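The listed protein sequences correspond, in order, to chains A and B.
Here our numbering is used: the first residue of the first sequence is 13, the next is one more, and so on.
Here our numbering is used: the first residue of the second sequence is 1135, the next is one more, and so on.
Think of the hints as simulated: they come from the structure by calculation, not from any bench.
Be careful, since some hints might not be right.
[As the list claims (entries may be wrong)] Only pairs whose alpha carbons sit at most 20 Å apart, straight line, appear in this in silico PhoX-like list of lysine-lysine:
| id | chain 1 | residue 1 | chain 2 | residue 2 |
| --- | --- | --- | --- | --- |
| 1 | A | K81 | B | K1229 |
| 2 | A | K254 | B | K1186 |
| 3 | A | K254 | B | K1251 |
| 4 | B | K1265 | A | K90 |
| 5 | B | K1251 | B | K1186 |
| 6 | B | K1264 | A | K78 |
| 7 | B | K1264 | A | K90 |
| 8 | A | K81 | B | K1264 |
| 9 | A | K254 | B | K1233 |
| 10 | A | K254 | B | K1265 |
| 11 | A | K254 | B | K1264 |
[As the list claims (entries may be wrong)] Now the in silico label distances, taken between C-beta atoms and shown as ranges:
| id | chain 1 | residue 1 | chain 2 | residue 2 | range |
| --- | --- | --- | --- | --- | --- |
| 12 | B | Y1187 | A | I200 | 48 to 56 Å |
| 13 | A | G142 | B | I1218 | 31 to 39 Å |
| 14 | A | I200 | B | A1268 | 26 to 34 Å |
| 15 | A | G112 | B | N1252 | 46 to 54 Å |
| 16 | B | E1289 | A | I190 | 22 to 30 Å |
As the structure is a computational prediction, the values presented were derived from the model and not from experiment.
Each residue gets a CB set at the ideal place from its N, CA and C atoms; glycine is no exception.
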Amino acid sequence: MIKHLKVILLIISVTFFQTTPLYANEEVSVSGISYDEIYDPIEPINRAVLNFNFFIDDIAIRPIIKTYKFIAPEPVEKGVSNFFSNLKEPIRTVSFIFQGEFYKSFNSIGRFTINTITSLGTFDLASRVGMEKNETDFGITLAKGGVSSGPYIVLPIIGPSNLRDLSGDVVEYFVDPISNNVPNREYIAISDGLNERAEIDEQLDRVREASSDRYEMIKSIYYQNRNAQLEEEYIQNLPVPKIYIE
Amino acid sequence: MRNLPLIFFIIFSLSTLQASEVSEWFERESNQFLEIINNNEGTESENYERYKYFVNKNFAVKSIAYGLIGEKIIENSSQSDLSIYLDVFSDYLIKTIYKLANSNSSSSIILKDVDIKNDIYIIKSEISDKKSTANLYWKVINTGESYKIIDVIVENTSYFVTKKSEFNKILRKNRGSLESLITEIQKI
């Protein structure tokens, strides 16, 4: 049964990757990017999952995060955030190799070595000596390899993604040299998830307050952030309004 | 051919002058913005009035408002509907900026760089408080009389792009009805 499921998933993935553009109305974009019509064929399901996520967040996750942020001093929060970010450097190293970005790959493994030896990753000494952090993941690797994003997906508890990024996450889960060699990797994954949630706590509060449609807002923010990681001149190429006399 | 270096020099000088003018404007207005954010005195309505003054003075409200709904909706709407929309949107913009800024207590906005593309100034700055620092980009146009902001990008999230997605969704859901959009954004 599992064997069949894998085949079905593979067929679905290949079909989506081959036929769906990054955005449904890509060709009408002025700047080459259109955020108006992100490919979202399962929107009703996604909306239901998002509502479920907000419900779980309200009753369980948000109180934990608010308490953590209230209790933990700023340096502790920063240290925890650095620790989890450092654990991702080896997989970033692998991703950069696949992207052909060898300098960044050396930089990532160098950062991991320096930060792990000096502080177990809780202090980002590497940045202080000029080895800046470069974000990447397998979703970005797939995108740079020409794979389209596929449909937008909201995952239970985890949040916004798309078929390409989800596939990247699955690959990472199996090839990550750190988490594959650590006992009880589930606990690390959960703690990392909570840490990531804590990092976007203020932004989420704003989404709750200042949005006429939080589903659309989150979707747009997700794609903008992913495109920023993919494009060199992302800010310059963002769409702007036509100018009217004020 | 001999005049080519001179032409390049004039073009370079002009663009430098423009960049320095917009930098001066930015320093002045960002300081005023910080004063408004960090002002803890006064009632909520007084603070709101300060935001209103700042937004109306510095934002290209009409361009943003019209850009969010698109030309097709503008063509199909009456002048009175557009006028109502403009008023409601102006209020919406002030409220969203007010909410955005009120959740921060910023201690500084530092100008990092000014770039020009297609007559739009892209001002890169850094906004910091005691806890963190974030990249803040401003897209600005020169209207002849003054400089006006057409978009604000916090880290990688553009106000214009995000709101356009939201507004488009509402318009599509209501078959392009501007009245429905007005009703929705009035709820904020």
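For each hint, the structure was consulted:
As the CA atoms of K81(A) and K1229(B) are separated by approximately 27 Å, the hinted pair breaks the 20 Å bound. The suggested pairing of K254(A) with K1186(B) is violated, with an alpha-carbon distance near 23 Å, which exceeds 20 Å. In summary, the hint linking K254(A) to K1251(B) is supported, as the alpha carbons are separated by about 14 Å, within the 20 Å threshold. A distance of roughly 10 Å separates the Cα atoms of K1265(B) and K90(A); the hinted pair therefore holds under the 20 Å criterion.
Using a Cα cut-off of 20 Å, the hinted pair K1251(B) and K1186(B) is violated, with the two alpha carbons roughly 29 Å apart. Taking the CA atoms of K1264(B) and K78(A), the gap is about 18 Å. The hint holds against a cut of 20 Å. Using a Cα cut-off of 20 Å, the hinted pair K1264(B) and K90(A) holds, with the two alpha carbons roughly 13 Å apart. For the given pair, K81(A) sits about 15 Å from K1264(B) by alpha-carbon distance, which is consistent with the 20 Å threshold.
In summary, the hint linking K254(A) to K1233(B) is not supported, as the alpha carbons are separated by about 26 Å, beyond the 20 Å threshold. Between the alpha carbons of K254(A) and K1265(B) the distance comes to roughly 37 Å, so the proposed pair goes past 20 Å and is violated. In summary, the hint linking K254(A) to K1264(B) is not supported, as the alpha carbons are separated by about 37 Å, beyond the 20 Å threshold. Between Y1187(B) and I200(A) the CB atoms are about 50 Å apart, so this pair conforms to the stated range of 48 to 56 Å.
In this structure, G142(A) and I1218(B) break the distance hint of 31 to 39 Å, their C-beta atoms being roughly 55 Å apart. Look at I200(A) against A1268(B): about 28 Å separates their beta carbons, and that is inside 26 to 34 Å. G112(A) and N1252(B) have their C-beta atoms about 32 Å apart, which leaves the hinted 46 to 54 Å range violated. Between E1289(B) and I190(A), the C-beta spacing of about 27 Å keeps the proposed range 22 to 30 Å intact.
The structure does not agree with the numbered hints 1, 2, 5, 9, 10, 11, 13 and 15 stated previously, though it agrees with the rest.
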